[in-house]
Amino acid sequence: MDYTLLIVQTLNGVQLGLLLFLVASGLTLVFGILDFVNLAHGSIYMVGAFICASLTFVVGNFLLAILIALPLTAAVGYGIERLLARHLYARDHLDHVLGTFGLILVIDTSVHLIWGPEGFAVPLPAWLDGQVEIFTGVVIPTYRLLIIGVGLAVAGGLYWLVNFTRLGMLIRAGASNRVMVSALGIDIQWLFALVFALGAMLAGLAGMLISPITEASISMGGEIIITAFVVIIIGGIGSMKGAFFAALIIGLIDTLGRSFLDDIFKLFMSSDAAETSAPAISSMLIYILMAVILAVRPQGLFPPKVR
Amino acid sequence: MLQLTRTDWLTLVVMLALLILPPVFLWTGNEFYLLLATRLVILAIAAVSLNLVLGYGGLVSFGHAAYIGIGAYAVGIPVYHETYGGFEAVAGYGAGIHILLAVVISAIFALFTGAISLRTKGVYFIMITMAFGMMAYYFFLSIDEYGGDDGLVIDIRSEIPPLNLDNPLQLFMIAYVSLVIAMIVVKTIVNSRFGMVLQGAKGNNERMVTMGYNTYFYKLTAYVISGAMCGYAGALLGNFTTFVSPDMMGWSRSGELMFMVILGGATTAIGPVMGAAGFILLEEFLSSYTIFWHLPFGLILIAVVLFARGGLVGLIKGKGK
Amino acid sequence: MKRLLSAAIAATMFTLPAMAAEVKIGFVTTLTTGGAVIGNDQKNAVDLALKHIGGKMGDLDVNLIYGDDGFKPETGKQVTDKLVKQDDVTFVAGYIWSHVLLASRKSVLDAGKFMISANAGPSPIAGKLCHENFFSTSWQNDQTPMAMGEVLNQKGVKSLYIMAPNYAAGKNMVTGVERTFKGKVLGKDLTKWGADAQLDFSAELAKAKASGAEGLFVFYPGKAGGAFIKQYHQAGLKDILPLYSVFTVDALSLPKLQAANFESVIGSQTTQQWDPSLDNPQNKKFVADFKAAYGTYPSFYAAQAYDSIMLIKSAVEAVKGDLTDMDGMRAAMKAANYPSVRGKYSYGNNHMPVQNFYLREVVKDSDGTWTTKVVKTVFENHQDTYASECSLK
Chain A
1 MDYTLLIVQT
11 LNGVQLGLLL
21 FLVASGLTLV
31 FGILDFVNLA
41 HGSIYMVGAF
51 ICASLTFVVG
61 NFLLAILIAL
71 PLTAAVGYGI
81 ERLLARHLYA
91 RDHLDHVLGT
101 FGLILVIDTS
111 VHLIWGPEGF
121 AVPLPAWLDG
131 QVEIFTGVVI
141 PTYRLLIIGV
151 GLAVAGGLYW
161 LVNFTRLGML
171 IRAGASNRVM
181 VSALGIDIQW
191 LFALVFALGA
201 MLAGLAGMLI
211 SPITEASISM
221 GGEIIITAFV
231 VIIIGGIGSM
241 KGAFFAALII
251 GLIDTLGRSF
261 LDDIFKLFMS
271 SDAAETSAPA
281 ISSMLIYILM
291 AVILAVRPQG
301 LFPPKVR
Chain B
1 MLQLTRTDWL
11 TLVVMLALLI
21 LPPVFLWTGN
31 EFYLLLATRL
41 VILAIAAVSL
51 NLVLGYGGLV
61 SFGHAAYIGI
71 GAYAVGIPVY
81 HETYGGFEAV
91 AGYGAGIHIL
101 LAVVISAIFA
111 LFTGAISLRT
121 KGVYFIMITM
131 AFGMMAYYFF
141 LSIDEYGGDD
151 GLVIDIRSEI
161 PPLNLDNPLQ
171 LFMIAYVSLV
181 IAMIVVKTIV
191 NSRFGMVLQG
201 AKGNNERMVT
211 MGYNTYFYKL
221 TAYVISGAMC
231 GYAGALLGNF
241 TTFVSPDMMG
251 WSRSGELMFM
261 VILGGATTAI
271 GPVMGAAGFI
281 LLEEFLSSYT
291 IFWHLPFGLI
301 LIAVVLFARG
311 GLVGLIKGKG
321 K
Chain C
1 MKRLLSAAIA
11 ATMFTLPAMA
21 AEVKIGFVTT
31 LTTGGAVIGN
41 DQKNAVDLAL
51 KHIGGKMGDL
61 DVNLIYGDDG
71 FKPETGKQVT
81 DKLVKQDDVT
91 FVAGYIWSHV
101 LLASRKSVLD
111 AGKFMISANA
121 GPSPIAGKLC
131 HENFFSTSWQ
141 NDQTPMAMGE
151 VLNQKGVKSL
161 YIMAPNYAAG
171 KNMVTGVERT
181 FKGKVLGKDL
191 TKWGADAQLD
201 FSAELAKAKA
211 SGAEGLFVFY
221 PGKAGGAFIK
231 QYHQAGLKDI
241 LPLYSVFTVD
251 ALSLPKLQAA
261 NFESVIGSQT
271 TQQWDPSLDN
281 PQNKKFVADF
291 KAAYGTYPSF
301 YAAQAYDSIM
311 LIKSAVEAVK
321 GDLTDMDGMR
331 AAMKAANYPS
341 VRGKYSYGNN
351 HMPVQNFYLR
361 EVVKDSDGTW
371 TTKVVKTVFE
381 NHQDTYASEC
391 SLK
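Protein chains in written order, with my numbering: chain A, 1 to 307; chain B, 1 to 321; chain C, 1 to 393.
Source of the hints: derived by calculation from the structure; they are not laboratory data.
Among these hints, one or two may not hold up.
[Unchecked claim] Between beta-carbon pairs, the in silico distance windows are:
no., chain 1, residue 1, chain 2, residue 2, range
1, B, N204, A, T4, 51 to 61 angstroms
2, A, I186, B, L299, 25 to 35 angstroms
3, B, S288, C, K56, 18 to 28 angstroms
4, A, G185, B, I184, 54 to 64 angstroms
5, C, G58, B, Y289, 24 to 34 angstroms
6, C, Q154, A, I134, 31 to 41 angstroms
7, C, K128, B, L12, 42 to 52 angstroms
8, C, A293, B, V185, 52 to 62 angstroms
9, C, T175, A, D92, 43 to 53 angstroms
10, B, L299, A, G185, 31 to 41 angstroms
11, A, A90, C, T175, 50 to 60 angstroms
12, B, K121, A, N61, 46 to 56 angstroms
[Said to hold, decoys possible] Computed far set for chain B versus chain C, every beta-carbon distance over 10 angstroms:
no., residue
13, G86
14, G92
15, A95
16, A115
17, Y124
18, K187
19, Y216
Here the structure is a predicted model, which means the values were calculated and not measured.
Quick reminder that beta carbons are idealized off the backbone N, C-alpha and C, glycines included.
Could you put together the complete structure from these sequences and hints?
And the structure:
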């Protein structure tokens, strides 16, 4: 086998995994702490991408646009929390799913009305637009390295936030015992709104980062949300560690499956059969993985401690 | 039972309206509205079947669209082979083989996926059923023989002499009768001892287990029955649209089915039917005004979740029980 | 609900009977979801066509009704049913997507109406499912990639890497290019398509690069095209692995790519049956007026939609407005006797165009706007390969 290709593909897998982690971390944060299933998380991801993309053309710099777009996306998240999510916390998951399903329709149509159906191709600054040779023969686009860097930084930042800050302590306490936290004189509503906005910001960041690779488009939310749910389910809902490892596993399996499955299949079937079955299996791969993991561990790989 | 409750009256009125209005549409030259009603009734069957697990069993299946697809392919594939050759074992135009395939394969799929899914709870269950739905979606997407993403055109409708499904009124009547039977079946199940256990497990699973019931088995049985019924609805839908594609099995269609149940009112017999009616009519009404009809539609959906907790049935029945 | 139903009855009762002196045309396209980019372009072209003909075909007023398929076959069939059954149109035109066309086909043809595809051209519809009342103003899927395969032969490209989405049209494109390309195919990737389509092609591009092929053939329609071009650009493959695409770079993706300055796309080559630079009076008028009205170049989707209206007009005028004369209108359309923006073409037995295919290159026009221009003619009067499977004469 060609080892440079294997290394490149592994890096690609890690990059996809970290991007998935950004989306999934917000989802699992909101679920773990607020016990709220947010199907519209993908729509927030899209909104973030659109805000950032249109700002890129206004301010002329992609990175600056991200800095402005992050608080704006958090504000959108806050708005959603105030207007809808807050009223559903006490309901069951079915109501969450349906309410946010409706929210998807509202957000997606609003984005179409505001920005039109075309979407944006987002330009990168010149220094991010090329490729780097990491070592001999391994060349990958610079921007993909940036995504890996940002993904790791956010993972580290979240780890620090949850484990070593006062806010993190409150978050952990609020997740395990709401009444107790309120009794301590903490405004739990404010805390929850903050968490929701943080989750929205993480989704938005992922959307902003992906849009120079793909595009900011009005169907991007629906495309990511299912994969993001698969990630947090495999990882164990509410577990940040689970989301991180599951995202990496899915990123790697998906990328390596796409790259090498047909070669592997060719070892034991005709090349025609391999060419048709490999893409079919690789598109089902993450769902198969999820079914297998849940069959063995119904609560995912890293179930959070019982409340 | 002689004393009719308000819900019973509602059921009677809705079902009568559904029976009488569509033929009137046809005779007044509005065939399109007959077609709309047929679609409504077929989706209502699917919603009724989903209500068995979602409403009475508390099992939120987010993958029921898969059964609609399986049912429709169970019509499309035999017709395809009868017309173009190959796969003699299933080839045929007869409604018998189509319905048998739709129901049996749906039941097997439900048995297999349900056995795994029911080991999980809560959101895990919602999401794993969705994952199985997506697997079915990608399975059909990747079969070139049956058109893959392009879907499969059903050239000839199921043959069920002396009836003729090409006649829109006959197709409607078959769908209507099927709906009534489906409602009766679900009602009978729910009122049986089996149904009591199922509903008991929804309220308090541990208690039912302590009482010696194998609730897993009860839930799985309900799941299989629901899947089979939904597959039957799929076979009707295939005959109605004369076309089947993986697109019918996506997760948003599963979400729509859930919405129909909740909109009408879960755990009532007429709820899913009213939900399907509300859904279809609202869609038709809003989309005739603007192509951006998803916006008001989404707002209404949110409003129903927030403010109309018993669904349409709850609204009409008034507060309380 | 009863009230809603009775409202529906009331609404239908008040629908006025059709005015005698008009021709009703349904146009089904995609006006919502990401596919609306294409649908809006087609709608613009249809609106322009109606303006050009003064809203009249012969003595009849044109009553054009748009239907939105929402990128879903089932929805497409529903709106088609409504156009056919409720609005009682004589022609239903449009249809961007193969699956929507296939789903809606029976509704139109069983009702004895004409169906005009302004884009989709799946193989069944050209072969065994061909129908006397079906006409296309576009192409059969395989034709465009076949032209590209021929271009590659002429350029002396010996080896090729192929990428396309894993769905019916994607596979048609692969079949098409493999049918004419005489060199070696070093690798092939069919990427995930559907509800959560794959838009990140890093793994595939790395494979393509590692394969050492002399050229890269891709088919990525709609927004996937823009995404692909950007990643091709970011991967720095322009000089290593020249790009040959079909339906990927078009007048819809170029303005976006230009706004983001993805220069790699300049010089890349595609094949098509039409181009804004084609030199005929009808095309010049169409492109100039389209640009004046909407500020962008029309895409080939727009060109085909414009042609579909002109084709219908030629049919209505041939029978002097007698819309009951189906045979007359059919014969008129079969003659393709109208000024098409692609120039003169004819119809095969299966009512698919027999037409030229051109090699186009992405260039900057005199104003600096990115567009395409014709390099040369690849095929003259090319007929699709499925025509022999069609029972029509």
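Checklist entry - Can we trust that K187 of chain B is non-interface, i.e. its beta-carbon lies farther than 10 angstroms from all of chain C? => result Consistent with the label, K187 of chain B stays out of reach of chain C, its closest Cβ about 20 angstroms off (over 10 angstroms).
Checklist entry - Taking the beta carbons of G58 of chain C and Y289 of chain B, is their distance inside 24 to 34 angstroms? => result Cβ of G58 of chain C to Cβ of Y289 of chain B: about 32 angstroms, so the range 24 to 34 angstroms holds.
Checklist entry - So the hint says 31 to 41 angstroms: do the beta-carbon atoms of L299 of chain B and G185 of chain A match that? => result At roughly 37 angstroms between Cβ atoms, G185 of chain A and L299 of chain B fall inside 31 to 41 angstroms, so the hint holds.
Checklist entry - Does the claim that Y216 of chain B lies outside the interface with chain C hold up, using a Cβ gap greater than 10 angstroms? => result holds (31 angstroms)
Checklist entry - Taking the closest pair, is the beta carbon of G86 of chain B still more than 10 angstroms from chain C? => result holds (14 angstroms)
Checklist entry - That 46 to 56 angstroms hint for K121 of chain B and N61 of chain A (C-beta), does it hold up? => result Holds - the Cβ-Cβ distance for K121 of chain B and N61 of chain A, about 48 angstroms, lies within 46 to 56 angstroms.
Item to check | Status of the stated non-contact between A95 of chain B and chain C (beta carbon gap over 10 angstroms) | outcome: holds (19 angstroms)
Checklist entry - Is it true that the C-beta distance of I186 of chain A to L299 of chain B lies inside 25 to 35 angstroms, as the hint says? => result holds (34 angstroms)
Checklist entry - For Y124 of chain B, which was marked as not at the interface, is the minimum beta-carbon distance to chain C over 10 angstroms? => result holds (20 angstroms)
Next on the checklist: Beyond 10 angstroms on every Cβ pair: is that true for G92 of chain B relative to chain C?
Outcome noted: holds (20 angstroms)
Next on the checklist: Quick check: does the Cβ-Cβ distance between Q154 of chain C and I134 of chain A fall within 31 to 41 angstroms?
Outcome noted: The hinted range 31 to 41 angstroms holds for Q154 of chain C and I134 of chain A, with Cβ atoms some 39 angstroms apart.
Checklist entry - Taking the CB of N204 of chain B and the CB of T4 of chain A, does the distance hold inside 51 to 61 angstroms? => result The hinted range 51 to 61 angstroms holds for N204 of chain B and T4 of chain A, with Cβ atoms some 59 angstroms apart.
Every hint, counting from the list given before, is met by this structure.
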